[in-house]
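Trainee: For reference, the chains in residue letters:
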Amino acid sequence: MEIDLRGYECPMPVVKAMKAIEKNPGMAISLLVDKESSCDDIARMAQKRHYSCKTEKTEDGFKITLTPLKIE
Amino acid sequence: MNLKAFFLSKKSLIIGAGLVFGVLAALMVNWGNPANMGICAACFIRDIAGALGLHRTATVQYIRPEIIGFVLGAFITALSFREFRARGGSSPIIRFLLGAFVMVGALVFMGCPIRMLLRLAGGDLNGLPALGGLIVGVLVGVFFLRRGFNLGRSQKLPAMAGWVMPAFMIGLLLFIIFKPGFIFASTSGPGSIFAPLAISLVVGLVVGFLVQRTRMCFVGGWRDLFLSRDTYLFSGIAAFFIAALITNYAAGNFGDAGIYHWGFDGQPLAMSDHLWNFLGMALVGLAVTLVGGCPLRQLTLTGEGDTDASVTVIGLFAGAALAQNFSAASSVKGVGAWGPTSVIVGLVFCLLIGFFMREKATAS
Numbered sequence: 000m001e002i003d004l005r006g007y008e009c010p011m012p013v014v015k016a017m018k019a020i021e022k023n024p025g026m027a028i029s030l031l032v033d034k035e036s037s038c039d040d041i042a043r044m045a046q047k048r049h050y051s052c053k054t055e056k057t058e059d060g061f062k063i064t065l066t067p068l069k070i071e
Numbered sequence: 000m001n002l003k004a005f006f007l008s009k010k011s012l013i014i015g016a017g018l019v020f021g022v023l024a025a026l027m028v029n030w031g032n033p034a035n036m037g038i039c040a041a042c043f044i045r046d047i048a049g050a051l052g053l054h055r056t057a058t059v060q061y062i063r064p065e066i067i068g069f070v071l072g073a074f075i076t077a078l079s080f081r082e083f084r085a086r087g088g089s090s091p092i093i094r095f096l097l098g099a100f101v102m103v104g105a106l107v108f109m110g111c112p113i114r115m116l117l118r119l120a121g122g123d124l125n126g127l128p129a130l131g132g133l134i135v136g137v138l139v140g141v142f143f144l145r146r147g148f149n150l151g152r153s154q155k156l157p158a159m160a161g162w163v164m165p166a167f168m169i170g171l172l173l174f175i176i177f178k179p180g181f182i183f184a185s186t187s188g189p190g191s192i193f194a195p196l197a198i199s200l201v202v203g204l205v206v207g208f209l210v211q212r213t214r215m216c217f218v219g220g221w222r223d224l225f226l227s228r229d230t231y232l233f234s235g236i237a238a239f240f241i242a243a244l245i246t247n248y249a250a251g252n253f254g255d256a257g258i259y260h261w262g263f264d265g266q267p268l269a270m271s272d273h274l275w276n277f278l279g280m281a282l283v284g285l286a287v288t289l290v291g292g293c294p295l296r297q298l299t300l301t302g303e304g305d306t307d308a309s310v311t312v313i314g315l316f317a318g319a320a321l322a323q324n325f326s327a328a329s330s331v332k333g334v335g336a337w338g339p340t341s342v343i344v345g346l347v348f349c350l351l352i353g354f355f356m357r358e359k360a361t362a363s
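Those protein sequence lines, which keep their order, are chains V and H. For the first sequence, counting from 1, position 31 maps to 30 in numbering that gives the first Met the number 0; every step adds exactly one. For the second sequence, counting from 1, position 131 maps to 130 in numbering that gives the first Met the number 0; every step adds exactly one.
Think of the hints as simulated: they come from the structure by calculation, not from any bench. Note that beta-carbon positions come from the ideal geometry of N, C-alpha and C, so glycine has one too. Keep in mind that a hint or two might mislead.
[Stated by the list, open to error] Keeping only pairs whose Cα atoms sit at most 30 Å apart, straight-line, the calculated DSS-like set for lysine-lysine is: (1) Lys3(H) <-> Lys56(V); (2) Lys22(V) <-> Lys3(H); (3) Lys18(V) <-> Lys62(V); (4) Lys332(H) <-> Lys47(V); (5) Lys47(V) <-> Lys62(V); (6) Lys155(H) <-> Lys18(V); (7) Lys53(V) <-> Lys3(H); (8) Lys10(H) <-> Lys56(V); (9) Lys10(H) <-> Lys53(V); (10) Lys22(V) <-> Lys178(H); (11) Lys22(V) <-> Lys56(V); (12) Lys22(V) <-> Lys62(V); (13) Lys53(V) <-> Lys18(V); (14) Lys155(H) <-> Lys56(V); (15) Lys332(H) <-> Lys53(V); (16) Lys62(V) <-> Lys332(H); (17) Lys69(V) <-> Lys47(V); (18) Lys56(V) <-> Lys69(V); (19) Lys22(V) <-> Lys53(V); (20) Lys178(H) <-> Lys9(H); (21) Lys69(V) <-> Lys3(H); (22) Lys53(V) <-> Lys155(H); (23) Lys178(H) <-> Lys62(V); (24) Lys3(H) <-> Lys18(V); (25) Lys178(H) <-> Lys47(V); (26) Lys155(H) <-> Lys69(V); (27) Lys56(V) <-> Lys9(H); (28) Lys69(V) <-> Lys18(V); (29) Lys18(V) <-> Lys56(V); (30) Lys22(V) <-> Lys47(V); (31) Lys47(V) <-> Lys18(V); (32) Lys22(V) <-> Lys69(V); (33) Lys53(V) <-> Lys69(V); (34) Lys53(V) <-> Lys178(H); (35) Lys10(H) <-> Lys69(V).
[Claimed, not checked] Computed footprint of chain H on chain V; a stretch qualifies when at least three of its residues, placed anywhere within it, have a C-beta under 8 Å from a C-beta of chain H: (36) 4-12; (37) 41-49.
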């Protein structure tokens with residue numbers, strides 16, 4: 000699933016990313032954001048919830064892919 | 000994380016920024032600002048509102064260069080790091096009103112979240128009920144955020160829109176330099192007590208730079224702690240408080256020869272009505288959590304081209320004028336006649352928009 004978070008100001012991107020993780024446990028989630036600071040916030044939140052976080056630059060922002068880590 | 004990785008991390012940068020800001024904010028008193036008011040975004044905006052004649056409280060009228068520095072420091076930094084982006088259109092009228100109520104709450108307590116920490120770091124224990132109120136307000140705000148509270152998306156705007164607030168600040172700077180007759184200036188009271196222009200402006204610019212780079216926020220730190228257990232922003236404000244406290248001791252501000260002492264009574268530019276200190280700051284904590292950043296953060300966002308933050312800042316100015324004109328602001332004598340009513344109206348307003356401005360109620 001992909002969620003467009005462009006245009007949202009802090010703290011909305013991290014709030015919405017957190018909700019997406021809670022509603023879709025175990026699923027990979029793609030997020031579109033337009034601020035580098037949102038990438039940092041989401042990466043810290045994802046790390047705490049045991050998700051890997053990959054960030055790619057896009058034409059007008061960033062695409063973040065959150066993937067659940069398998070915990071042994 | 001090893002030591003080297005920590006010192007290169009963003010967290011170490013915000014801790015460093017908090018330490019520098021804490022030292023400078025405490026020293027601003029030694030350099031000429033009012034006691035326990037080295038830096039206060041709310042009081043300083045109130046003083047500028049007075050200087051522009053928006054209110055007529057003669058003791059709090061002065062164009063504070065620190066505010067100009069916050070905006071221009073963030074503006075120059077955002078341009079240098081290619082982070083200036085003009086944007087706006089996210090519920091401006093709600094942001095204006097939230098800004099006004101943030102100011103009302105702050106002027107009932109007599110300080111923004113920065114000054115609350117500075118007052119505590121200067122021994123003023125009236126900051127404790129205020130801190131309790133701030134935390135309660137933030138917790139209620141976090142409840143609304145989790146429930147789907149949302150002011151909507153902003154849109155990209157032509158760059159010119161983002162230049163308006165920095166241009167306004169340059170205009171204020173020109174007023175300080177050329178002193179036109181229509182600008183009011185206090186001859187007594189806190190508005191007449193200030194550090195030299197160059198020091199105030201440079202400190203403001205440095206703080207604007209630090210806040211733009213780290214996104215330091217004196218309410219966001221608490222918010223993120225409760226919202227996502229994220230300690231990044233909180234580490235900045237904790238460093239700020241520790242640095243201010245140590246600086247006050249090192250500068251000799253405590254003790255018999257100093258200006259500060261620990262306690263509730265006889266504190267500089269403060270009042271000891273614990274209920275309204277608590278509720279005033281609860282309003283600040285709630286309104287700031289809903290609007291997305293403390294007054295200092297809003298000022299620096301205006302420098303990055305965020306016109307929604309500019310509307311919030313204009314709300315702060317309007318709130319200051321209204322609070323002074325309608326006796327809502329507190330003074331050293333106690334709570335203003337209309338202070339309690341204004342705080343209750345503000346809390347009711349915040350609760351209403353918290354409940355009703357939800358994701359499902361908006362098109363986004």
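Trainee: Against which earlier hints does the structure fall short, listed by number upward?
Mentor: Hints 2, 4, 10, 15, 16, 20, 23, 24, 25, 26, 34 not satisfied by this model.
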